[in-house]
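> Construct the entire structure; sequences and hints are all you get.
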Amino acid sequence: MNQPNDPGKRGWPLWEVFIRARRGLSHQHVGSLHAPDAAMALRNARDVYTRRGEGVSIWVVPSAAIVANSPDEKDSFFDPAQDKVYRHPTFYDVPEGAKQL
Amino acid sequence: MSPLAAYALGLGDDALILAQRLGEWAARAPQIEEDLALANIALDLLGQARTLLTYAGELEQAGRDEDDLAYLRDDREFRNVQLVELPGGDFAVTMARQLIFSAYQYELYTALLGSADETLAGLAGKAVKEVAYHRDHATQWVLRLGDGTDLSHERMQAGLDQVWPYTAELFDPASQLPGIATDPATLRPAWETYVTPVLREATLERPQPRWRSRGGRDGLHTEHLGHLLSEMQHLHRSHPGATW
Amino acid sequence: MYGNYDSGTAGAQSAPQAQQAPQDQDQYQDADAQQRFDQLIAADQRIEPRDWMPDAYRKTLIRQIAQHAHSEIIGMQPEGNWITRAPSLRRKAILIAKVQDEAGHGLYLYSAAETLGIDREELLDRLHDGRQKYSSIFNYPTLNWADVGAIGWLVDGAAIMNQVPLCRCSYGPYARAMVRICKEESFHQRQGFDILHTLSHGTKSQKAMAQDAVNRYWWPSLMMFGPPDEESSHSAQSTAWGIKRFSNDELRQRFVDMTVPQAEVLGLTLPDSDLRWNAERGHYDFGVIDWDEFARVIRGDGPCNAERLRRRRQAHDDGAWVREAAQAYAEKRRPVEAKAS
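Residue numbers (the numbering used here), protein chains in the order written: chain A, 6 to 106; chain B, 2 to 245; chain C, 21 to 361.
I should point out that these hints are in silico values taken from the structure, not numbers from a laboratory. Here the structure is a predicted model, which is why all the values come from computation and not from measurement. For glycine and all other residues, C-beta sits at the position ideal for the given N, C-alpha and C. A portion of the hints provided could be inaccurate.
Stated by the list, open to error - Here are a few chain A residues that sit away from chain C, every Cβ distance over 12 Å (derived from the structure): (1) S31; (2) H32; (3) W64.
To be verified - Each pair of labels, with its calculated beta carbon distance range: (4) Q334(C) <-> G180(B): 45 to 53 Å; (5) R274(C) <-> R28(A): 49 to 57 Å; (6) H148(C) <-> T55(A): 27 to 35 Å; (7) G220(B) <-> A43(A): 43 to 51 Å; (8) A44(A) <-> S3(B): 20 to 28 Å; (9) A44(A) <-> A122(B): 27 to 35 Å; (10) S62(A) <-> A122(B): 24 to 32 Å; (11) V199(C) <-> Q177(B): 36 to 44 Å.
As the list claims (entries may be wrong) - Derived DSS-like pairs (lysine-lysine); straight-line CA-CA distance at most 30 Å: (12) K203(C) <-> K79(C); (13) K130(B) <-> K79(C); (14) K127(B) <-> K203(C).
Here it is, written out as structure tokens:
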């Protein structure tokens, strides 16, 4: 199965970055970046997203690890087949036997 | 030039020349994230250089500012160690050099925190945090290249072998400035304590060079410096007296 | 945004009511989804990564965002060209910071494009083999130091014209990336202007250097806004989708109106004998752009096209062993359970 963090997949895996800019605020999602592992992801996030000294606390999460709901009214709120952060199929596991994916 | 001015100039030249080498990586790095990281390091070093060169100029009291010192001195007047002037075209060479040099700067600036000279102590306060990050960045890469693929291991070892002979020079005795600057030789043990485990974890052999570099602090450089300065200084020198 | 043109957008010829292609894996009726999408667009709300969207909208955005990202990355080359030769330490520091910002902007934009379900490696492939483009302005060389100033003043000035409206683009991640970029961008244009101002008030040869740069960069800067409106076939679709807020000609005119007074402050002339204030229109009239040159450069026949791509591909290829090493290192340290799954 093609794991999204599988090094066999081209390039470094994708990570989502969350920054808490100051004490008293909560973490905000600021974007994503590619890094080979967690240590480099944290360091890259510091370089890319806190260049102006904006960040106090950084979280990096593999994009594939994020589980999301579907905010769309028509879907059931926690439809397990749709529980990925991005709609399009690049970043999550393809279930066995799924058609057209 | 007084010993203190010469000392500041040497440290400033180290930072300036290495910033120049790192600036060569723009749009050439192995990953865009790395273009950014190397530019960050270059900017930090350039900032250190500007502070140190400006200070050296003030101490000298001959009316030379940071640009006069950077752009109008000839090779024989530069006081950087030879390590920083080496071309860094191969990423492994660049990271080997960065590990060695940033680990040295970390011990240097840590020692300067206690300097009786306010300017040096003040700079050290800021710089030690910067170089801690540079040292960490280089470490992450030396580990990954040393213990990555067979090819990367080979290239990392080769890079280390290439720059290692320039290491001893970092710790050569300098002119005595008691209370102000530490004797560089005293920085070596802490430097070893940091670097040796990194090489081991990276599965790299510590090189055993049969020669070592000498003379950078006295203006004796490799043939590389002349070319670096030609490029760096040419435009400024072409317009004497101009403001930019 | 460094260029508002988008020749050959996939699917852009379709009308706004285009039906969804059958391979979309939606659970519900396409017509309902389309209606919901249209409502969001009409209400000037943001489309987010989990929303249904027409395939053509997604493809257009991928292309536009990616090309914007590519422009930032390629743009590092002409400016990076002067880092080692900057004539003062202060200018060197500012230039390194600017080039660093461009790398960062490229990363924000690739990140936004990836939310549409495409991998950055794939986007880089398309750049490297010419399927996707970057702003034509970066196919011109930086021949003297003043060119760095001209790029900051004119090219970034033009980019800002495009970027501010994009902060309200219908696609959320792109709009948010643009807000981030705009915050960082204003210093770039000021720095470019400052470089030229220092030169034009300096020695005779410095002033000549500045004028030479402006002479070479003025017309290509105007071309950055893309073909004239009547020839821009994809604009209508992009406008309907809330991706494009103003027309090429509108933005170009705004740019001219903003820049001409600035040139006067600089004491530099713009190389257009037809440039004059038209009181009736309330705008500056300007001369005819050489659209043949524009077409040539877009096609690959510009001064630096081959070199920009060669250098970009080389950085990527030369760096492969490094990237692979990092992946191998990570793989060795992956916990055993995860490896087995």
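> Compare the structure with each hint and give your call.
Hint check results:
{"no.": "1", "hint": "S31", "verdict": "holds, 17 Å"}
{"no.": "2", "hint": "H32", "verdict": "holds, 15 Å"}
{"no.": "3", "hint": "W64", "verdict": "holds, 16 Å"}
{"no.": "4", "hint": "Q334(C) <-> G180(B): 45 to 53 Å", "verdict": "holds, 51 Å"}
{"no.": "5", "hint": "R274(C) <-> R28(A): 49 to 57 Å", "verdict": "violated, 42 Å"}
{"no.": "6", "hint": "H148(C) <-> T55(A): 27 to 35 Å", "verdict": "holds, 30 Å"}
{"no.": "7", "hint": "G220(B) <-> A43(A): 43 to 51 Å", "verdict": "holds, 46 Å"}
{"no.": "8", "hint": "A44(A) <-> S3(B): 20 to 28 Å", "verdict": "violated, 44 Å"}
{"no.": "9", "hint": "A44(A) <-> A122(B): 27 to 35 Å", "verdict": "holds, 32 Å"}
{"no.": "10", "hint": "S62(A) <-> A122(B): 24 to 32 Å", "verdict": "holds, 30 Å"}
{"no.": "11", "hint": "V199(C) <-> Q177(B): 36 to 44 Å", "verdict": "violated, 56 Å"}
{"no.": "12", "hint": "K203(C) <-> K79(C)", "verdict": "holds, 27 Å"}
{"no.": "13", "hint": "K130(B) <-> K79(C)", "verdict": "violated, 45 Å"}
{"no.": "14", "hint": "K127(B) <-> K203(C)", "verdict": "holds, 26 Å"}
The structure fails hints 5, 8, 11, 13 (numbered hints given earlier, in ascending order).
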